[in-house]
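Chain by chain, the residues:
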Amino acid sequence: MTQGGDMTSAAPHPAAAAPHPYTAHTSPAAAPHPHTAPTPPDVTIAIAPHAAPVADVPRRMFGSFVEHLGRCVYGGIYEPDHPTADEDGFRGDVLALTRELGVTCVRYPGGNFVSNYNWEDGTGPREQRPVRRDLAWHTTEPNLVGIDDFHRWSRKAGTEIMLAVNLGTRGLKAALEELEYVNGTPGTALADRRVANGIPEPMDIRMWCIGNEMDGPWQVGHMTPEEYASAVDKVAHAMKLAESGLELVACGSSSAHMPTFGTWERTVLTRAYDNLDFVSCHAYYYERGARSLQDYLACAEDMRGFIATVAASADAAREANHGTKDIALSFDEWGVWYSDVWNRQEAEWKAAAAEGLHHEPWPFAPHLLEDIYSAADAVVEGSLMITLLKHCDRVRSASRAQLVNVIAPIMAEPDGGPAWRQTVFYPFAEAAHHARGLAWAPAIDSPKVATETWGEVDALDAVVTWDERTRSGLLLAVNRDVTAAHGVTVDLAGLPAAGGDGVRVARAVVLHDDDPHRQNTADAPETVVPRELPVSTDGAGLCFDLPAVAWAAVEFTI
Amino acid sequence: MTQGGDMTSAAPHPAAAAPHPYTAHTSPAAAPHPHTAPTPPDVTIAIAPHAAPVADVPRRMFGSFVEHLGRCVYGGIYEPDHPTADEDGFRGDVLALTRELGVTCVRYPGGNFVSNYNWEDGTGPREQRPVRRDLAWHTTEPNLVGIDDFHRWSRKAGTEIMLAVNLGTRGLKAALEELEYVNGTPGTALADRRVANGIPEPMDIRMWCIGNEMDGPWQVGHMTPEEYASAVDKVAHAMKLAESGLELVACGSSSAHMPTFGTWERTVLTRAYDNLDFVSCHAYYYERGARSLQDYLACAEDMRGFIATVAASADAAREANHGTKDIALSFDEWGVWYSDVWNRQEAEWKAAAAEGLHHEPWPFAPHLLEDIYSAADAVVEGSLMITLLKHCDRVRSASRAQLVNVIAPIMAEPDGGPAWRQTVFYPFAEAAHHARGLAWAPAIDSPKVATETWGEVDALDAVVTWDERTRSGLLLAVNRDVTAAHGVTVDLAGLPAAGGDGVRVARAVVLHDDDPHRQNTADAPETVVPRELPVSTDGAGLCFDLPAVAWAAVEFTI
Amino acid sequence: MTQGGDMTSAAPHPAAAAPHPYTAHTSPAAAPHPHTAPTPPDVTIAIAPHAAPVADVPRRMFGSFVEHLGRCVYGGIYEPDHPTADEDGFRGDVLALTRELGVTCVRYPGGNFVSNYNWEDGTGPREQRPVRRDLAWHTTEPNLVGIDDFHRWSRKAGTEIMLAVNLGTRGLKAALEELEYVNGTPGTALADRRVANGIPEPMDIRMWCIGNEMDGPWQVGHMTPEEYASAVDKVAHAMKLAESGLELVACGSSSAHMPTFGTWERTVLTRAYDNLDFVSCHAYYYERGARSLQDYLACAEDMRGFIATVAASADAAREANHGTKDIALSFDEWGVWYSDVWNRQEAEWKAAAAEGLHHEPWPFAPHLLEDIYSAADAVVEGSLMITLLKHCDRVRSASRAQLVNVIAPIMAEPDGGPAWRQTVFYPFAEAAHHARGLAWAPAIDSPKVATETWGEVDALDAVVTWDERTRSGLLLAVNRDVTAAHGVTVDLAGLPAAGGDGVRVARAVVLHDDDPHRQNTADAPETVVPRELPVSTDGAGLCFDLPAVAWAAVEFTI
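Protein chains in written order, with UniProt numbering: chain A, 1 to 558; chain B, 1 to 558; chain C, 1 to 558.
Everything labelled a hint here was simulated from the structure, so no lab data went into it. Owing to the predicted nature of the structure, the values given are computational and were not obtained by experimental measurement. C-beta: ideal position from N, C-alpha, C; glycine also. Please note: incorrect hints may appear among the correct ones.
[Stated by the list, open to error] Far from chain C by the CB rule (all over 12 angstroms, computed), these chain A residues:
id, residue
1, Pro38
2, Thr39
3, Asp42
4, Asn112
5, Leu135
6, Ser292
7, Asp326
8, Arg531
[As the list claims (entries may be wrong)] Computed list of lysine to aspartate or glutamate pairs in EDC-like fashion (alpha-carbon distance at most 16 angstroms, straight line):
id, chain 1, residue 1, chain 2, residue 2
9, B, Lys173, C, Glu120
10, B, Lys448, B, Asp42
11, A, Lys350, C, Asp274
12, A, Lys240, B, Asp42
[Said to hold, decoys possible] Example chain B residues on the side facing chain C (calculated, C-beta under 10 angstroms, incomplete):
id, residue
13, Leu172
14, Thr185
15, Leu190
16, Asp192
17, Ala196
18, Pro200
19, Ser230
20, Ala242
21, Glu243
Taking the hints into account, I'd like the entire structure generated from these sequences.
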């Protein structure tokens with residue numbers, strides 16, 4: 001249906017093929033949610049008989065993102081002095097939570113960071129690596145972690161790498177050299193350098209981002225649509241000359257609110273169509289960035305429009321090239337980010353620094369973007385994941401940004417402290433472990449909620465997946481209504497498996513807090529966790545209540 | 001008449017000034033052609049009294065091409081284990097045949113190869129040179145031969161070098177550094193590096209190609225017309241700042257069938273007019289690429305149109321710049337190439353490789369493009385050479401592609417085997433050794449042959465050269481008629497030398513086989529060779545018969 | 001009033017804050033000018049009461065320029081074998097005259113030179129630095145002086161550095177690396193390299209030129225307006241990411257006579273507005289380049305129009321960006337240059353070299369552009385300085401080109417010879433030492449002189465500065481009339497200080513020779529020097545005569 005790569009067929013690592021079982025850290029501690037007063041059913045979610053699925057769920061939908069930013073790398077995945085650190089300096093507690101999160105693919109090493117990065121700096125003996133200034137986040141980069149190390153980490157985490165090349169200060173030549181170093185068969189100079197650095201086998205990195213957010217005026221080496229179209233066409237073409245089977249991602253717009261949004265995609269995809277497989281989408285949301293909590297909860301509407309617009313641009317590029325393949329979407333930065341905090345921080349720092357020359361700080365691994373998430377944030381991320389899955393015919397890869405410490409599901413305390421799960425950990429982990437097989441976008445008949453931004457939208461949203469191999473399915477649902485609980489009836493009769501013994505619930509959880517702003521913290525990391533959701537079944541039907549501002553998952557068999 | 005450089009005035013090497021005498025390897029073994037039944041004269045070829053010559057024949061018209069491709073370099077010019085190899089590892093048999101071929105100037109090192117080439121890789125001690133992947137032909141490049149070595153080879157071969165710089169992965173800076181290394185007077189860092197590498201004198205390379213086929217979507221770093229115009233203008237300008245007397249060649253269209261053909265030339269030549277001397281033309285032909293054998297035999301019509309269009313673009317650029325100099329044409333890739341074989345090979349290889357990552361082969365010196373030529377192919381190449389000579393007022397340089405093994409007149413057997421001459425060797429060698437002085441495009445009155453592509457065209461084509469110094473001339477003629485022999489009468493009364501003792505034939509040969517597809521092979525390398533052509537003379541006239549599908553040369557004195 | 005940087009607030013070096021007192025080398029030797037016959041007053045120069053000043057006089061208005069060109073560096077500021085050379089090889093006599101000249105800021109290292117310069121070549125141990133060819137001036141560059149050394153020289157000279165980066169053969173990456181090397185806090189690889197090279201503290205260079213004259217077809221890597229707009233936007237943005245407080249200068253047009261003048265400024269400033277502080281202007285004048293001596297003397301009219309056009313472009317760019325800051329003008333090449341001599345030299349050299357390959361000379365430190373200035377030249381430079389000061393609201397930086405030997409106020413004789421002052425030394429030094437505080441453009445009522453180029457223009461021009469801190473002022477005036485002397489009455493009543501004890505003259509000098517072409521020479525270096533100017537005072541008024549073709553300065557207190 002789409003040409004976007006599906007990691008199931010590639011299965012580069014054993015661990016990815018057999019993901020860590022998600023045995024619900026959530027259940028033991030969590031009693032059923034107290035909100036048990038029955039709500040009259042007012043929502044129906046139905047898969048009509050013979051309804052076509054959207055597409056197969058791509059394994060890469062459950063990607064994450066590790067950027068050299070703040071404490072994501074240093075003090076996040078890497079902290080050699082930590083009690084749990086292994087022989088490579090990687091924190092064992094973070095690795096364990098990464099596996100528990102079910103991450104399949106990790107974008108690396110940026111983000112804005114990559115646009116002034118020399119990949120060579122992070123290779124070879126650590127003591128010979130240069131210390132650099134990172135211009136994107138104004139930090140000192142000691143290059144103790146680079147592609148050599150991240151490759152080792154990924155093997156341990158069981159994750160694929162999605163590698164970004166620098167189009168800010170470098171270009172075609174450096175990209176080709178990096179590709180040879182990373183994937184080259186021994187026998188040429190750069191592949192042999194990798195071997196000498198202790199990695200005899202090619203890293204087999206298949207998916208590459210050609211630059212990052214090159215439309216953004218904040219980006220080192222930012223470009224016009226025409227400039228980037230020219231650059232990505234050359235780089236992607238030459239990389240594919242060097243290696244078959246690569247899947248290449250062009251930068252799309254940094255957000256749907258960029259002045260060149262649309263123009264950018266049309267220009268880039270039309271010119272470089274032959275050499276591209278993916279176009280990226282990036283979107284972040286947070287409550288203060290919305291007109292109200294209700295609008296914030298409905299922000300998946302923005303993502304939906306974003307996907308539709310970019311898909312239309314990709315289709316137009318296909319037509320203009322008389323092509324047959326579809327360019328897929330790689331939604332490779334998404335999630336909740338309190339970006340106003342960073343913007344304020346940066347403005348203050350710039351105002352102070354403008355007093356004189358180079359008085360700005362170049363700290364090492366500072367606390368940056370360490371947003372602490374609420375119950376509402378987890379519901380929003382659950383809602384965004386539902387939207388991605390409902391569009392998995394076009395969105396063939398996605399990376400929730402980021403993995404550790406920096407706008408992250410996993411927080412890693414410094415000074416020997418533990419790692420813990422933020423609220424947003426749970427909706428991601430549930431989908432990553434259980435959304436398998438094919439995805440259906442069910443018909444939803446729901447009361448509406450009023451938003452200022454998108455008008456009236458359904459209170460409920462949901463997606464269903466069904467894996468014929470294991471004969472198990474997953475329903476993911478959110479109640480985006482700020483005020484009202486809703487009673488939900490689900491009709492799964494249209495699933496290909498239906499008509500057997502009827503639906504049986506394997507496990508059902510709900511994430512909700514009567515205070516939607518309640519957070520997990522380092523001291524109380526299990527304040528907001530999924531709890532058991534009472535579900536009744538009736539043939540091909542499920543029936544349950546969802547409180548206001550809630551995310552739920554029902555694992556079932558038929 | 002034109003500003004294009006004429007090697008006769010430059011005469012960089014003794015051997016070029018005194019080319020190896022072409023003592024007709026052909027004659028001893030070859031009896032007169034058996035097709036001797038007289039044909040009624042139906043063709044007249046005449047130089048009218050006081051007819052103006054086209055121009056002087058530029059020595060560079062007899063150029064060839066050595067690309068790092070297949071076995072052209074490794075196993076071609078260079079094979080240190082070969083019984084004939086000299087102290088530099090160069091095959092002596094190939095060197096001897098190169099001199100016999102009469103090559104004057106050799107384009108190096110590509111071709112597509114150059115667009116991802118680092119010139120430094122091929123310099124200095126061989127044991128320190130890096131092994132690279134060549135993206136253009138997917139081979140492993142050990143860099144055992146580079147500019148240091150090719151300079152030495154060229155001195156032995158008596159050939160000028162026409163050096164191409166990499167505009168694919170590199171640009172202005174690398175081009176300037178290469179120029180300093182190659183031609184710099186000792187005393188600066190890069191010139192001294194050349195001295196340290198054993199070449200104390202500047203290499204004196206005068207003619208440089210600024211990139212290769214940058215319009216081709218297959219090219220590493222391919223460009224739009226505007227992008228290339230900008231790049232070539234900068235590079236050519238800076239190279240001329242660095243050195244006077246350079247002759248610089250801009251890429252023209254890769255063929256007359258490119259979508260940007262014409263636009264490319266206008267855009268590039270108009271913008272960079274001041275800094276350019278030549279624009280390149282490339283054209284290949286083969287029977288399966290034509291609508292019929294008859295059309296194939298008439299493919300010089302395509303070359304003629306190509307030359308006219310590019311010359312018009314060069315004139316338009318001159319006018320737009322209010323200039324006085326003409327930009328000359330460098331037809332630096334021409335010949336017969338069975339390109340469908342390569343295209344099929346590449347498609348198969350890509351289909352196989354797409355199964356997985358980097359499974360494509362990176363062989364060393366594989367058998368690539370080793371086309372074996374027929375009698376008809378030789379007639380076609382003879383016809384193309386006639387066309388080039390008839391337009392030598394605008395075409396001031398040409399390189400038949402390539403020299404050894406790869407679509408080549410010279411085949412070099414591996415494993416200690418011999419080198420031998422393909423059919424196309426002969427028309428080239430004849431012109432290279434004997435087309436001297438001035439060229440005339442005679443008036444031709446010939447029966448027509450019907451082509452699907454160009455309608456009715458003359459069955460016969462011919463060119464005449466006359467060297468006043470030696471008072472010797474050459475008539476080259478082809479009978480492109482697939483079916484009929486023709487009787488030819490030649491009137492040379494218009495030559496400035498006429499009116500003396502009358503024309504005397506010094507030597508006359510014809511290349512023809514009743515089976516136009518008959519080939520020379522490694523086992524039977526003298527199957528198709530020129531044979532003596534019976535010619536009668538009468539004052540300023542010559543009279544002879546040409547069988548169907550034949551090439552002929554008449555060397556004469558007056 | 002403008003956002004262009006004012007060095008008074010930055011005051012990077014003690015010596016700049018307390019410039020060498022200009023104790024008038026001129027007075028001892030020079031008797032009052034003999035032209036003392038009273039001229040009837042026909043010119044009034046008046047500052048009306050409450051007239052607003054133009055702006056504060058920026059310290060950077062008195063900048064100079066040291067390019068690696070001819071003997072400006074080698075044999076100019078640097079000559080280790082000279083009797084006055086210090087431990088770093090710098091000539092003490094040149095350093096002393098530089099301080100006497102009052103230079104505040106020096107642009108370095110080019111000029112055209114920078115467009116093929118590697119900044120790294122001029123760093124580290126001298127014996128390891130590479131010898132290069134400079135393409136701009138066709139000389140051998142031994143790199144004995146580079147940024148390490150020029151930083152040391154500048155500390156001794158008490159001057160700020162205005163550093164230009166290479167946009168010809170390099171770009172963004174090299175600029176960022178140079179910035180880190182020059183200004184970086186120790187602890188990163190490149191800053192530590194500087195420390196290792198003996199410069200522990202950051203050089204604190206604030207003002208950077210992003211390339212040089214990139215519009216000029218003579219420039220290595222010359223660009224279209226669009227190309228440069230793209231390049232400067234990227235480089236300036238990234239440099240400012242790396243460091244706050246930088247002041248960045250975009251190339252403007254190389255002269256007001258370039259075909260892209262105006263278009264260039266609009267295109268560049270509109271696109272890169274957010275990241276720029278200055279746009280450069282360059283203008284040179286000489287008598288043979290004008291229609292007459294009278295026109296030459298009036299060439300400040302050209303400069304005035306240049307400033308107005310560029311300022312309007314900067315304003316248009318501000319409007320197009322809805323911006324609030326003004327982009328200031330950096331008039332960073334100005335002065336008298338007999339450019340026809342160089343053009344003829346270069347043409348002859350090229351004609352000779354075109355005979356063969358690389359026969360052009362690559363001399364070391366040749367005598368190039370060593371123009372010897374006349375009295376008229378000094379009057380013209382005095383007039384240009386007046387124009388710059390009258391527009392100091394927009395012109396916030398200026399560099400008279402160049403400092404030593406090359407179109408220079410200071411000549412340094414070779415072979416142990418002395419350094420001496422050209423005629424143009426004096427008007428510059430007077431302004432550099434005494435034009436302080438605020439500048440006024442007075443109302444001028446003057447007889448006209450007829451020019452062919454600009455029609456009728458005022459014979460007299462003048463500017464007034466007033467420094468409230470020291471309660472001292474300066475009147476600079478020129479009589480541009482080729483034939484007539486004029487009597488001048490100056491009314492300073494509008495100065496904020498007026499109404500006190502009345503004006504008192506502290507010192508008054510005039511530079512004039514009855515032969516306007518008379519020069520200083522190495523043998524007679526004090527032929528044309530300022531002499532005492534008789535000035536009568538009356539309350540807020542001054543009264544003096546100016547001979548034809550004369551420059552004068554009146555230092556006063558109130």
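Here's how the hints hold up against the structure:
The claim that Pro38 of chain A is not at the interface with chain C holds, since no C-beta of that chain comes within 12 angstroms of its own (minimum 58 angstroms). Chain C leaves Thr39 of chain A outside its interface by the beta-carbon criterion, the shortest separation being 52 angstroms against a cut-off of 12 angstroms. For Asp42 of chain A, the requirement that its beta carbon stay farther than 12 angstroms from each beta carbon of chain C is met, with the minimum near 49 angstroms. Chain C draws Asn112 of chain A into its interface by the beta-carbon criterion, the shortest separation being 10 angstroms against a cut-off of 12 angstroms.
Listed as outside the interface, Leu135 of chain A is inconsistent with that label: its C-beta sits roughly 4 angstroms from the nearest C-beta of chain C, within the 12 angstroms cut-off. The claim that Ser292 of chain A is not at the interface with chain C holds, since no C-beta of that chain comes within 12 angstroms of its own (minimum 30 angstroms). Under the 12 angstroms C-beta cut-off, the non-interface status given to Asp326 of chain A relative to chain C holds; the minimum distance is some 32 angstroms. The Cβ of Arg531 of chain A sits about 46 angstroms from the closest Cβ of chain C, beyond the 12 angstroms cut-off, so the non-interface label holds.
Distance restraint check for Lys173 of chain B and Glu120 of chain C: the Cα-Cα separation of roughly 15 angstroms lies within the 16 angstroms cut-off, and the hinted pair is therefore satisfied. A hinted pair counts as satisfied when its Cα atoms are at most 16 angstroms apart, and Lys448 of chain B with Asp42 of chain B qualifies at roughly 11 angstroms. Of the supplied pair hints, the one linking Lys350 of chain A and Asp274 of chain C holds, its CA atoms being roughly 15 angstroms apart against a limit of 16 angstroms. Between Lys240 of chain A and Asp42 of chain B the CA atoms are separated by roughly 57 angstroms; this puts the pair beyond 16 angstroms, and the hint is violated.
A hinted interface residue such as Leu172 of chain B counts as satisfied when its beta carbon comes closer than 10 angstroms to some beta carbon of chain C; here the least separation is about 5 angstroms, so the hint holds. For Thr185 of chain B, the interface hint holds, the least distance from its beta-carbon to any beta-carbon of chain C being 6 angstroms, beneath 10 angstroms. For Leu190 of chain B, the interface hint holds, the least distance from its beta-carbon to any beta-carbon of chain C being 8 angstroms, beneath 10 angstroms. Proximity of Asp192 of chain B to chain C holds as hinted, the smallest CB-CB distance being about 8 angstroms (cut-off 10 angstroms).
Of the supplied interface hints, the one on Ala196 of chain B is violated, with its beta-carbon coming no nearer than about 13 angstroms to a beta-carbon of chain C, more than 10 angstroms. Here the hint on Pro200 of chain B is broken, as its CB sits about 15 angstroms from the closest CB of chain C, past 10 angstroms. A distance limit of 10 angstroms between C-beta atoms decides the matter here; for Ser230 of chain B the minimum to chain C is near 6 angstroms, and the interface restraint holds. Taking 10 angstroms as the C-beta contact cut-off toward chain C, the hint placing Ala242 of chain B at the interface holds, the least distance being around 5 angstroms.
Contact between Glu243 of chain B and chain C, as hinted, is supported at the beta carbon level, the nearest pair being about 5 angstroms apart and thus within 10 angstroms.
Of the numbered hints stated above, those contradicted by the structure are hints 4, 5, 12, 17, 18, listed in ascending order.
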